[in-house]
Amino acid sequence: MDILKIEGLHKKYGAQSALTDVDLVVPKGCIFGLLGPNGAGKTTLIRIVNQIIDADSGNVSVNGELLAPKHIKSIGYLPEERGLYKRMKVGEQLLYFAQLKGLSSHAAKGKVKYWLEKLEITAWVDKKIEDLSKGMAQKIQFISTVIHDPEILILDEPFSGFDPVNAEIIKNVILELKEKGTTVMLSTHRMESVELLCDHIAMINKSHKVLDGPVHQVKDEARSNTFEVKLRAVHQPLPEKFTGAIEMAGMVRFDVSLGDDAPNDLLKELMGYGEVVSFSEKIPSIEEIFIQKVKESEYE
Amino acid sequence: MNKVFLVIKREYLARVRKKSFLLATLITPLVFPAILGIFLWISLSDEGGEALKIIEVVDDSGRFFLESNGQYAFSYSKLPVDEAKAMVQEGKRYGFLYIPQVDIKNPKGIVYYSEKNPSMGLVSHLERELKRKIEEIRLFDTGIDPKVISEVRTNVSIQSVTLEESGEEKLSNAGVNYGLGFFLGILIYTFIFVYGTQIMQGVIEEKSSRIIEILVSSIKPFQLMLGKIIGIGAVGLTQFLIWIVLISTISTVVMGYFGMQMPQQQALEMANPEAAQTLANSSDIAQIMQVIQGIDFVQLVLTFLFYFLGGYLLYGAFFAAIGAAVDSPSDAQQFMFPVTIPLIASYFALFVFILDDPNSNISFWLSVIPFTAPIAMVGRASFGIPAFDLVISMVALIAGFLFTTWVAAKIYRIGILVHGTKVSYKTLWKWIKQSN
Chain G
1 MDILKIEGLH KKYGAQSALT DVDLVVPKGC IFGLLGPNGA GKTTLIRIVN QIIDADSGNV
61 SVNGELLAPK HIKSIGYLPE ERGLYKRMKV GEQLLYFAQL KGLSSHAAKG KVKYWLEKLE
121 ITAWVDKKIE DLSKGMAQKI QFISTVIHDP EILILDEPFS GFDPVNAEII KNVILELKEK
181 GTTVMLSTHR MESVELLCDH IAMINKSHKV LDGPVHQVKD EARSNTFEVK LRAVHQPLPE
241 KFTGAIEMAG MVRFDVSLGD DAPNDLLKEL MGYGEVVSFS EKIPSIEEIF IQKVKESEYE
Chain Z
1 MNKVFLVIKR EYLARVRKKS FLLATLITPL VFPAILGIFL WISLSDEGGE ALKIIEVVDD
61 SGRFFLESNG QYAFSYSKLP VDEAKAMVQE GKRYGFLYIP QVDIKNPKGI VYYSEKNPSM
121 GLVSHLEREL KRKIEEIRLF DTGIDPKVIS EVRTNVSIQS VTLEESGEEK LSNAGVNYGL
181 GFFLGILIYT FIFVYGTQIM QGVIEEKSSR IIEILVSSIK PFQLMLGKII GIGAVGLTQF
241 LIWIVLISTI STVVMGYFGM QMPQQQALEM ANPEAAQTLA NSSDIAQIMQ VIQGIDFVQL
301 VLTFLFYFLG GYLLYGAFFA AIGAAVDSPS DAQQFMFPVT IPLIASYFAL FVFILDDPNS
361 NISFWLSVIP FTAPIAMVGR ASFGIPAFDL VISMVALIAG FLFTTWVAAK IYRIGILVHG
421 TKVSYKTLWK WIKQSN
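If you read the protein sequences in the order shown, they are chains G and Z. Quick note: the first sequence uses full-length UniProt numbering, first residue 1, plus one each step. Quick note: the second sequence uses full-length UniProt numbering, first residue 1, plus one each step.
The set of hints was computed from the structure by calculation and includes no laboratory data. Incorrect hints may have been included.
[As the list claims (entries may be wrong)] Result set (PhoX-like, lysine-lysine): computed pairs, CA atoms no more than 25 Å apart in a straight line:
1) Z:K220 with G:K70
2) G:K178 with G:K70
3) G:K111 with G:K28
4) G:K128 with Z:K18
5) G:K111 with Z:K220
6) Z:K18 with G:K127
7) Z:K116 with Z:K53
8) Z:K92 with Z:K78
Required output: the full structure, derived from the provided sequences and hints.
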């Protein structure tokens with residue numbers, strides 16, 4: 001079941017295209033990484049899903065229904081540029097945001113209590129935001145995003161502003177929400193968190209979608225069929241096709257492009273030259289794929 | 001609609017709970033009467049306590065005799081001009097009036113010397129007295145008995161009465177109505193500026209602290225803008241109502257106090273013929289009281305409230321749009337111009353045209369144009385406004401604020417999401433035209 005489906009989305013600001021014919025499908029219950037360099041159109045896409053701005057053409061549907069004002073309640077949004085009312089108390093502020101999303105006053109109060117207890121910050125309830133540190137305020141900000149139990153959580157750079165300890169706490173909360181069935185759309189430049197958290201990724205560059213799919217599939221497709229080999233006790237000279245060999249601590253290390261051969265044939269051949277210590281396929285990281293894709297589209 | 005109410009509630013409580021609101025609300029109604037009281041006290045003690053000012057008069061013509069009064073005494077002598085001048089310089093005399101041998105048909109060369117600039121009051125008093133004397137002398141010269149002259153001299157004071165449609169007659173007083181119109185006009189002007197600026201600052205706060213992006217993912221920008229404008233307007237209204245209650249309570253108490261003193265004072269004056277002058281003054285006060293009582297305060301307050309709210313909504317939308325278009329209050333200056341100009345223009349028109357003649361053509365048009373109507377109409381309110389003018393003006397004002405809100409919402413919706421760009425009038429126009 002796809003919780004969010006985007007079809008043929010176009011958006012222009014004056015003469016400049018922000019989104020060109022973008023299709024996206026977000027399966028329910030996954031963590032979906034939305035990647036792309038600055039100015040690629042990610043924020044525009046997110047704003048359209050949040051009904052902050054309208055697309056020029058194209059459809060967005062949630063659970064099979066066209067996006068409508070009633071879906072505001074189903075979406076939680078943490079923008080990259082975010083803030084809180086400085087002179088408002090933590091508790092009142094959370095209550096306000098929860099009610100704006102459509103929660104009743106009673107339900108909202110319960111949720112505020114639940115989240116403050118969960119993150120062990122009940123003592124802050126009567127503090128004003130201006131009296132909190134930046135990291136503390138970020139926690140409140142995060143709560144304000146999830147307080148109404150949204151089905152879809154859209155997080156734009158969720159970890160910025162957190163120290164490693166708190167970033168870990170937030171990461172665990174995100175994983176916990178995923179376990180409970182929340183679908184998370186994550187937009188970030190931190191590739192390590194993408195690799196760690198995301199099931200699906202999509203990449204936007206210069207208003208176009210350039211990549212889309214489950215993480216393992218994306219990685220699979222990006223494989224160049226290259227193996228990294230380490231040999232010990234090499235007793236005869238290596239043939240020319242094993243170029244770029246480096247000798248180190250009695251070992252030789254080099255990359256081999258497999259071509260049309262099966263990996264086992266290569267392995268057999270290598271065994272004839274010496275003792276195989278390591279033989280592993282080189283799988284590109286998401287970061288490498290990201291950089292590769294951005295470069296590719298630059299040459300176009 | 002529920003969400004608009006949430007915004008209204010937040011905006012209202014955030015401001016009403018501030019200490020500065022409490023202070024301004026409680027102190028202002030005390031400060032105004034206090035300032036008024038201080039002026040009254042100073043002017044009263046001025047009259048009673050000051051020493052008699054002696055003015056030396058050298059009258060070469062020998063035909064003018066000025067009577068001394070409570071404030072000025074005239075001492076006649078035949079001193080040479082230089083000596084009289086020296087007396088003024090030495091401080092022995094307050095001033096020196098020199099009357100040469102004048103041609104009674106064309107009196108010229110009368111000079112008043114003093115150390116300080118003489119007050120307008122003194123100069124006009126002297127001119128009035130001399131004029132009266134000259135007229136008497138010339139009448140006498142034509143052979144009319146001075147007795148007859150003093151017999152025919154009469155004091156006239158016109159009482160003006162307005163005829164109500166109900167047939168009721170009301171004592172009116174242009175001065176009281178003028179003062180009331182002046183005061184209410186200034187009140188509206190101040191309210192629109194103070195609360196309009198609060199709207200603008202509120203919008204800039206949400207924009208610059210980036211709360212806005214979270215807000216508009218939960219609520220439509222138009223609802224947010226409306227909630228903010230109404231919420232802050234409610235703060236103003238609350239403040240205004242508290243002031244009315246406080247001021248009317250205070251004045252009731254004060255009036256009650258003076259009312260108890262009044263009979264006592266009058267009895268004192270009856271017994272003391274010298275105080276007849278004061279009696280005449282107090283009957284003036286009584287007349288003003290009667291005029292004030294004759295004003296339909298319910299209608300006045302309702303008219304004021306309508307134009308207060310209408311004007312606030314009309315301009316409030318603009319203030320919200322300005323806040324949305326800029327990144328900081330200092331950038332707002334360039335867009336304040338079109339908002340400030342009609343406000344200041346109607347403020348000046350209040351003095352120049354409206355209070356001068358509340359039923360003139362220009363007063364009518366100023367009350368119909370929505371941008372000037374709030375100040376113009378409250379200026380006219382205490383004089384009584386024809387029903388026709390009132391209806392046209394109110395309809396125009398409602399249409400006016402619907403229009404400004406519509407325009408402002410278009411600017412607001414786009415402006416709140418634009419950061420770090422210098423916005424010009426051209427950009428604003430583009431935003432207004434933009435459909436989404």
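- Hint by hint, work out which the structure violates, then give me just those numbers in ascending order. Structure breaks no hint.
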